[in-house]
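One-letter residues, chain by chain:
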Amino acid sequence: MIIIEPHIGQLLTEDAVNTFPDECCGFLFGREETDGTRIIIDILVVDNSKEGDKTRRFEISPADYMVAEQHALDHDWALLGVYHSHPNHPAIPSEHDRKAAQPYFSYLIVSVLNNEIITMRSWLLNEEQQFEEEKILDYQFS
Amino acid sequence: MATVIIPTPLRKFTNNTARLQVSAGTVHDTVQELTLNFPDLKKHLLDEGGNIRTYVNIFVGNDDIRDLQREHTAVKEDTVISIVPAIAGGSPSPTPFTKEELARYNRHIIIPGFGMEAQQKLKAAKVLVIGSGGLGSPVLLYLAAAGIGTIGIVDFDVVDDSNLQRQVLFGVNEIGKPKVEAARRRLESLNPYINIRIYNTHLNSQNALDIIRDYDVIADGTDNFPTRYLVNDASVLLGKPNVYASIFQFEGQVSVFNYRDAEGNPGPNYRDLYPTPPPPGLVPSCAEGGVLGVLPGIIGSLQALEVIKVITGVGETLSGRFYIFDALNFESKTFNIKRRIVNPLNGNNPTITGLIDYEQFCGMRAVEESPLKEITAKELYAMQVNGEKFQLIDVREPHEYDIVNIGAELIPLATVAANADRIDTDKKVVVHCKMGGRSAKAIHELEEKFGFKNLYNLKGGILAYIDEVQPELTKY
Numbered sequence: 000m001i002i003i004e005p006h007i008g009q010l011l012t013e014d015a016v017n018t019f020p021d022e023c024c025g026f027l028f029g030r031e032e033t034d035g036t037r038i039i040i041d042i043l044v045v046d047n048s049k050e051g052d053k054t055r056r057f058e059i060s061p062a063d064y065m066v067a068e069q070h071a072l073d074h075d076w077a078l079l080g081v082y083h084s085h086p087n088h089p090a091i092p093s094e095h096d097r098k099a100a101q102p103y104f105s106y107l108i109v110s111v112l113n114n115e116i117i118t119m120r121s122w123l124l125n126e127e128q129q130f131e132e133e134k135i136l137d138y139q140f141s
Numbered sequence: 000m001a002t003v004i005i006p007t008p009l010r011k012f013t014n015n016t017a018r019l020q021v022s023a024g025t026v027h028d029t030v031q032e033l034t035l036n037f038p039d040l041k042k043h044l045l046d047e048g049g050n051i052r053t054y055v056n057i058f059v060g061n062d063d064i065r066d067l068q069r070e071h072t073a074v075k076e077d078t079v080i081s082i083v084p085a086i087a088g089g090s091p092s093p094t095p096f097t098k099e100e101l102a103r104y105n106r107h108i109i110i111p112g113f114g115m116e117a118q119q120k121l122k123a124a125k126v127l128v129i130g131s132g133g134l135g136s137p138v139l140l141y142l143a144a145a146g147i148g149t150i151g152i153v154d155f156d157v158v159d160d161s162n163l164q165r166q167v168l169f170g171v172n173e174i175g176k177p178k179v180e181a182a183r184r185r186l187e188s189l190n191p192y193i194n195i196r197i198y199n200t201h202l203n204s205q206n207a208l209d210i211i212r213d214y215d216v217i218a219d220g221t222d223n224f225p226t227r228y229l230v231n232d233a234s235v236l237l238g239k240p241n242v243y244a245s246i247f248q249f250e251g252q253v254s255v256f257n258y259r260d261a262e263g264n265p266g267p268n269y270r271d272l273y274p275t276p277p278p279p280g281l282v283p284s285c286a287e288g289g290v291l292g293v294l295p296g297i298i299g300s301l302q303a304l305e306v307i308k309v310i311t312g313v314g315e316t317l318s319g320r321f322y323i324f325d326a327l328n329f330e331s332k333t334f335n336i337k338r339r340i341v342n343p344l345n346g347n348n349p350t351i352t353g354l355i356d357y358e359q360f361c362g363m364r365a366v367e368e369s370p371l372k373e374i375t376a377k378e379l380y381a382m383q384v385n386g387e388k389f390q391l392i393d394v395r396e397p398h399e400y401d402i403v404n405i406g407a408e409l410i411p412l413a414t415v416a417a418n419a420d421r422i423d424t425d426k427k428v429v430v431h432c433k434m435g436g437r438s439a440k441a442i443h444e445l446e447e448k449f450g451f452k453n454l455y456n457l458k459g460g461i462l463a464y465i466d467e468v469q470p471e472l473t474k475y
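Top line first, the protein sequences correspond to chains D and X. Here the first sequence is numbered in numbering that gives the first Met the number 0, starting from 0 and rising by one per residue. Here the second sequence is numbered in numbering that gives the first Met the number 0, starting from 0 and rising by one per residue.
Keep in mind the hints are simulated off the structure, nothing from the lab. It is possible that part of the hints are untrue.
Restraint ranges, calculated between C-beta atoms of paired labels, are given here [to be verified]:
#	chain 1	residue 1	chain 2	residue 2	range
1	X	G60	D	V44	51 to 57 angstroms
2	D	P89	X	Y475	44 to 50 angstroms
3	X	R52	D	P89	40 to 46 angstroms
Taking lysine-lysine and the DSBU-like style, the derived pairs with C-alpha atoms no more than 35 angstroms apart in a straight line are [what the hints assert, rightly or not]:
#	chain 1	residue 1	chain 2	residue 2
4	X	K377	D	K49
5	X	K427	D	K49
6	D	K98	X	K440
7	D	K98	X	K377
8	X	K42	D	K53
9	X	K337	D	K98
10	X	K452	D	K53
11	D	K53	X	K440
12	X	K41	D	K134
13	X	K11	D	K49
14	D	K53	X	K41
15	X	K440	D	K49
16	X	K11	D	K98
17	D	K98	X	K75
18	D	K53	X	K125
19	D	K49	X	K98
20	D	K53	X	K75
21	X	K42	D	K49
22	D	K134	X	K42
23	X	K377	D	K53
24	D	K98	X	K125
25	X	K98	D	K53
26	X	K377	X	K440
27	X	K337	D	K53
All C-beta atoms in this analysis are idealised placements derived from N, C-alpha and C, irrespective of residue type, glycine included.
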């Protein structure tokens, strides 16, 4: 289960819409409860460093990755995952997402259709290197 | 001891330790030591061959070891080594290619700078080709062969024997059949992996927006001004790039109109180049003026090329430029063209916000102001058979007269005014040309300048007469 605070949801939405039709990307920070529930407290927006078609691919530079790890240390948060957008595609991980995915990280995908947010869904790799959906809990009802 | 910083995702394999101390040596030694102490790390850091995985980056200080001595990079006592997972991904490919498609498009996919990415864009693209004649033939053949996923074809015409001199899409078996249906059969046999949609209709102000709306790119291969302005205006109103080509006798033109650059700014369109159409009749169509058969093959191929570039984003399109090819002298020129602030579609004060009456805009309706008296081929034949007294005048050129004539007096259009005294004023005079256009002009000129009231235009010209009365004569 993953909880996204409303103002974080707002920041994700803005990044996805502003970057459309390219894919946006960034990091998710927060804490993990003992029952495994993740609470996202902050995000770090980074550049999509993919060379070529950014409408269907994203890439985060190693330098940005190291900044993200440091950002987590500085605030005593956990680096819990990565978000990116799927312009004009559903919020379901693609084969590209799966191949490059890291264990432990939440992969939050924002589906943007013609400049409007359609859905947000989050995914986690299981032991078989397959994605399993991680339920997003609406903050107001938690 | 040197320090290794373990990235968050891999810490569950290192007992949640972020920083580990390792002995000095090389990066290779460090990785060996890590995987020995934490065996679960191994499959994440190394591939089956024991090499560092391509999606794992190792940094020594701030430098990627790929920029240093790779695995042999030295690790000193104070070195900080960071393991940085590559973070990447993307949305699903539009639709994956089948094995057969990959084989079919291999020669595209292996071009550096084109590749799978461009081929996927072609497959995802929807292109509307307006006109399936001289230009449409090569455009459709090459676009279908290239693997454009969806191709729409608009044409109202049927295949005629005189088309086959240049319209290489068709063969003798298709004569008399609707062009769009013949085209679909040919293209489906060329490439079974694409969708063809056909519109057996005149494109007009009522249907143009609905047809064009569904497509990403428009290829205009029409042969007349009203349709050309219609296609241009509809493309601009709907924000679609319009790849334009036209041909006449020995000359061809190509450009890309209304193409949006990376910043989203539209390029010039047809109205920036030609604000108003030429007077009706000044520029004849291919059917009237003729065209060298290979020319549409050359120009249509260039048009197909630009369509592919617009879709894939590979190379520089002809947007903002206008290309002219002169086949006689084998000369080509490329002019720069710009948007104009007075463009009524997207200038500073747009006045056209919907489609208009393009026949009227191009002056075609003006002909109706002084109604033209017409007779049909059958009526002419009846007059001939009944021995009625009348004069028959042919306003075509002498070389056309030599190909076929029906016994008329030859007075070419350019010379009718000078020869007005040869035309009877006291009995019926029937004027004809090849299809009825030039004879109508001759009649208007004679009526205006000399006040003739006894002139009749042969509807459909000598071609209609051959079809309806004397099919054994030569058509051209």
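Evaluated hints:
| no. | hint | result |
| --- | --- | --- |
| 1 | G60(X) x V44(D): 51 to 57 angstroms | 26 angstroms, violated |
| 2 | P89(D) x Y475(X): 44 to 50 angstroms | 58 angstroms, violated |
| 3 | R52(X) x P89(D): 40 to 46 angstroms | 29 angstroms, violated |
| 4 | K377(X) x K49(D) | 71 angstroms, violated |
| 5 | K427(X) x K49(D) | 78 angstroms, violated |
| 6 | K98(D) x K440(X) | 71 angstroms, violated |
| 7 | K98(D) x K377(X) | 75 angstroms, violated |
| 8 | K42(X) x K53(D) | 30 angstroms, holds |
| 9 | K337(X) x K98(D) | 47 angstroms, violated |
| 10 | K452(X) x K53(D) | 70 angstroms, violated |
| 11 | K53(D) x K440(X) | 57 angstroms, violated |
| 12 | K41(X) x K134(D) | 30 angstroms, holds |
| 13 | K11(X) x K49(D) | 29 angstroms, holds |
| 14 | K53(D) x K41(X) | 32 angstroms, holds |
| 15 | K440(X) x K49(D) | 62 angstroms, violated |
| 16 | K11(X) x K98(D) | 20 angstroms, holds |
| 17 | K98(D) x K75(X) | 34 angstroms, holds |
| 18 | K53(D) x K125(X) | 21 angstroms, holds |
| 19 | K49(D) x K98(X) | 27 angstroms, holds |
| 20 | K53(D) x K75(X) | 39 angstroms, violated |
| 21 | K42(X) x K49(D) | 26 angstroms, holds |
| 22 | K134(D) x K42(X) | 28 angstroms, holds |
| 23 | K377(X) x K53(D) | 66 angstroms, violated |
| 24 | K98(D) x K125(X) | 30 angstroms, holds |
| 25 | K98(X) x K53(D) | 26 angstroms, holds |
| 26 | K377(X) x K440(X) | 22 angstroms, holds |
| 27 | K337(X) x K53(D) | 29 angstroms, holds |
Figure legend: structure checked against the earlier numbered hints; hints not met, in rising order: 1, 2, 3, 4, 5, 6, 7, 9, 10, 11, 15, 20, 23.
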